[in-house]
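Make a model of the complete structure from these sequences and hints.
Protein chains in written order, with this note's numbering: chain A, 452 to 738; chain B, 148 to 316; chain C, 3 to 326.
Keep in mind that the hints are not guaranteed to be accurate.
SDA-like mimics (lysine to any residue), calculated; alpha carbons at most 25 Å apart, straight line [to be verified]:
#1 B:Lys282 with A:Leu586
#2 B:Lys282 with A:His589
#3 B:Lys282 with A:Ala598
#4 B:Lys282 with A:Ala701
#5 B:Lys282 with A:Val732
#6 B:Lys282 with A:Ile503
#7 B:Lys282 with B:Ala295
#8 B:Lys282 with A:Gln495
#9 B:Lys282 with B:His196
To give a feel for the contact side, a few chain A residues facing chain C, derived at Cβ under 10 Å [stated by the list, open to error]:
#10 Phe479
#11 Arg490
#12 Val707
From chain A, some residues computed to sit far from chain B (all C-beta separations above 12 Å) [what the hints assert, rightly or not]:
#13 Ala470
#14 Ala526
#15 Trp604
#16 Ala693
Derived by calculation from the structure, the hints in this document are not laboratory data.
Predicted model, so just to flag it, every value in this text is computed and none were measured.
Where is the CB? At the ideal position from N, CA and C, for every residue including glycine.
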Amino acid sequence: MLEVVVLGVLAVAAASLDAVLAGGPGPFREAARLLVLERRTTPQADRLLARIGAIALPLAAALAALVVPFGGHAALDTRVGVVWFNAMEVVGWAAVWLVGWGANSAFALVGGYRFIAQGLAYELPHMFALITAALAAHSLDLRAIGAAQGGLWFGVWMPVAFAVYLVSALAMAFWGPFGAPLGADIAGGAALELPGPDRLVFLAGRYGLLAVASAVAVPLFLGGGGGPVLPAWLWSLVKTCAVLALLVWARRRLPVLRMDRFVQAAWVVLIPAVLLQMLVVAVVVVD
Amino acid sequence: MTVLFWVLAVAAVASGAAVFAVGSMARATFALLASFLCVGGELLLAGQHYLGVLVVLMMIMEMLVMAVFMVMYMMDPAGLMPMSMVHNRRGALIVSGAVFAALAAGVFAVPWPARRGGPPRDPAAALGQAIMGPKMLVMMVIGIAILATMIATVVLATRTGRYGEDGAR
Amino acid sequence: MGLRERLRGFAARSPRPFVVSAADGTGDRLAVEAGLRARRWRPAVSPAETGVLVVCGHPGEALAEAIDVVWSAMPGPRARIRPDELDGIEPDGLESDGLESDGAPRGAASPSDDVGMADRADDRDGLRLDVLHVPLGPVLADWPAGLRLDLALQGDVVQSAEAVIVDAGGGSFWAGREAARRLDGAARFLRVAGWADAARRAAVLRDDVLDGRPVRDRFEALERTVRRSRLLRWMTRGVGNLAPDAVERHGVPAWCVGDVAGRLDGWLREIGAALDGGGTPGGHDRDEALVSVLPELVTGADLGQARLIVASLDPDLAAVTARA
Numbered sequence: 452m453l454e455v456v457v458l459g460v461l462a463v464a465a466a467s468l469d470a471v472l473a474g475g476p477g478p479f480r481e482a483a484r485l486l487v488l489e490r491r492t493t494p495q496a497d498r499l500l501a502r503i504g505a506i507a508l509p510l511a512a513a514l515a516a517l518v519v520p521f522g523g524h525a526a527l528d529t530r531v532g533v534v535w536f537n538a539m540e541v542v543g544w545a546a547v548w549l550v551g552w553g554a555n556s557a558f559a560l561v562g563g564y565r566f567i568a569q570g571l572a573y574e575l576p577h578m579f580a581l582i583t584a585a586l587a588a589h590s591l592d593l594r595a596i597g598a599a600q601g602g603l604w605f606g607v608w609m610p611v612a613f614a615v616y617l618v619s620a621l622a623m624a625f626w627g628p629f630g631a632p633l634g635a636d637i638a639g640g641a642a643l644e645l646p647g648p649d650r651l652v653f654l655a656g657r658y659g660l661l662a663v664a665s666a667v668a669v670p671l672f673l674g675g676g677g678g679p680v681l682p683a684w685l686w687s688l689v690k691t692c693a694v695l696a697l698l699v700w701a702r703r704r705l706p707v708l709r710m711d712r713f714v715q716a717a718w719v720v721l722i723p724a725v726l727l728q729m730l731v732v733a734v735v736v737v738d
Numbered sequence: 148m149t150v151l152f153w154v155l156a157v158a159a160v161a162s163g164a165a166v167f168a169v170g171s172m173a174r175a176t177f178a179l180l181a182s183f184l185c186v187g188g189e190l191l192l193a194g195q196h197y198l199g200v201l202v203v204l205m206m207i208m209e210m211l212v213m214a215v216f217m218v219m220y221m222m223d224p225a226g227l228m229p230m231s232m233v234h235n236r237r238g239a240l241i242v243s244g245a246v247f248a249a250l251a252a253g254v255f256a257v258p259w260p261a262r263r264g265g266p267p268r269d270p271a272a273a274l275g276q277a278i279m280g281p282k283m284l285v286m287m288v289i290g291i292a293i294l295a296t297m298i299a300t301v302v303l304a305t306r307t308g309r310y311g312e313d314g315a316r
Numbered sequence: 003m004g005l006r007e008r009l010r011g012f013a014a015r016s017p018r019p020f021v022v023s024a025a026d027g028t029g030d031r032l033a034v035e036a037g038l039r040a041r042r043w044r045p046a047v048s049p050a051e052t053g054v055l056v057v058c059g060h061p062g063e064a065l066a067e068a069i070d071v072v073w074s075a076m077p078g079p080r081a082r083i084r085p086d087e088l089d090g091i092e093p094d095g096l097e098s099d100g101l102e103s104d105g106a107p108r109g110a111a112s113p114s115d116d117v118g119m120a121d122r123a124d125d126r127d128g129l130r131l132d133v134l135h136v137p138l139g140p141v142l143a144d145w146p147a148g149l150r151l152d153l154a155l156q157g158d159v160v161q162s163a164e165a166v167i168v169d170a171g172g173g174s175f176w177a178g179r180e181a182a183r184r185l186d187g188a189a190r191f192l193r194v195a196g197w198a199d200a201a202r203r204a205a206v207l208r209d210d211v212l213d214g215r216p217v218r219d220r221f222e223a224l225e226r227t228v229r230r231s232r233l234l235r236w237m238t239r240g241v242g243n244l245a246p247d248a249v250e251r252h253g254v255p256a257w258c259v260g261d262v263a264g265r266l267d268g269w270l271r272e273i274g275a276a277l278d279g280g281g282t283p284g285g286h287d288r289d290e291a292l293v294s295v296l297p298e299l300v301t302g303a304d305l306g307q308a309r310l311i312v313a314s315l316d317p318d319l320a321a322v323t324a325r326a
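Have a look at this one:
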């Protein structure tokens, strides 16, 4: 369970780094502000669904964290960690759509639908990137995949899959260039009408998802806990922090992608590219 | 284990029934999703980790896509008016009653085989062997065909579709 | 409840105000933006996420009404302040019991949710789909002050639009400050495009230009960043294309011809020229014409594109003569 707690701490650290980069108040002050905000609902809102959506996001992040290994140890002993992570990450689709739908507000609904379109764009390349790493290690177990990279990190000899994974990590946390579902152009999108405490829970879940996505990149592509001198768990932590910092930093450095253009690139460029990558990996591994 | 099994089983049936009792398309969709998630949980309990997680993964995505279409085609997108999820009540009751009776009869009528051997060490790998081993060619062809169809559909839809670059004005 | 009081006090030291501007409120708005930056506060993107409302300038009757509707729906603890009152935010006692009350909705609601029942109409493929009537503005972040676009949406695609000038007059703040005006336009455009960093740099440059500080080098760096961004070009190319004949039909200035990406390019060139001390070739902007061309341009675009189109024209309604 320690791994889940560590990822929770990393999520708070990510929020702090983001606040520093944005030149705004830290996460605790913002959390306090949201907590004391009056609960207010729009007319005819489906509050049950909206609240399920808000809670589902941090819950999914925590459940996904169960299979994330630090060093060679994960909280949950399962051989299908990759698929589990994938399934929990898809809960985000439901969460954002529910929150957007439940508000009974046009902009929020548009935000919810934007994330479905985004999901359809990033999910297949994402899955193929996951499978590519699993294929090379002959396992769906994140611990085994991390341990299989003794000589050369997967991120080095399958750069396309690694790049696609990083893109999809941004997309699944609707972060930075993939932030359109919560876009400023539609006044905050899916989260527009969330009452303060619900908003806090929802946004915390988003940071959690970002932390988990960063942590999973380590066993998949960055050699897991492998490294000189330091113990394995510490290497995992250091690498996770590096990936997380990169993702947080990228948030403000890039304009937001609109799915009416990105979907086409995702399907016509990213999917064939990552399929070719998988073919190369398969030929190397099978020989 | 047994308690968990019954909790999930009852929850699956209850949320399945809720699909027809709730007043909005969105709630009906997510009641159905909850039912499927419980079934996924049962598979996990049965030791089929890969299949169980796969059911969870696929059902969430499918229900979300279904929600898009259901909401698109229904009268009242904002869900402001409660609507009935039940149509053709009598016919549906007869059909569903008959199907239930047939399935229930099957449970008691079929001579269930006794267990031979133990479960494989890695059920996911055994499943893969069973499906992919002798039928590899068929699976490959179908897989590529489905993928090609999806990509072609998207390309067609974005290039000249209603809201694509050319159709926008 | 000691804990809640302490939480409230802790939170009150960094509020997140929502800033709305009347047509004549540009000067106030710039002061507020600079004030927020100096205090390390951040503005809210929607009134629903905060209880602090800053009203810049002097809203006319119609805009004041719209602001009142938004104000009445904002969650407590609430404070409605003037631009020079950032340091003395005193929340009112109106909110009852924020933490656990599930209170009934108060007042109308924010601008986006007076949705009502949808009716249906043919879309361009002849499918009968729902139509939603949604106003864009006038109380909206990074939106031209005093403007409202009444949209008929199918999905998030604009089927038809009507531009309404809700608030106008007061004389343009930007007269003789062309470089700053375009920097302000670029800053708001970049925020709408979701590029926070570049937007922030543009806003800082705008304030420095107004204060008479040298910005030439920093502007060139920003210009390089923006021009080199393939993502921005990818997202703005071919959006909101204005045909050359619109110059005659609507009387818009010539720089508007082309797409959103081209207009942003034009602004960057104009800023560079103005910083070099050159006059602005375009002359007056004829802001009323900019408004009149909007409905035609946003029809067929989706909401995100529509926002970019409006931001790329950036009409200044203070320069438009107020109507009765």
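Hints breached by this structure
Of the numbered hints given earlier, those the structure breaks are 3, 4, 6, 8, listed in rising order.
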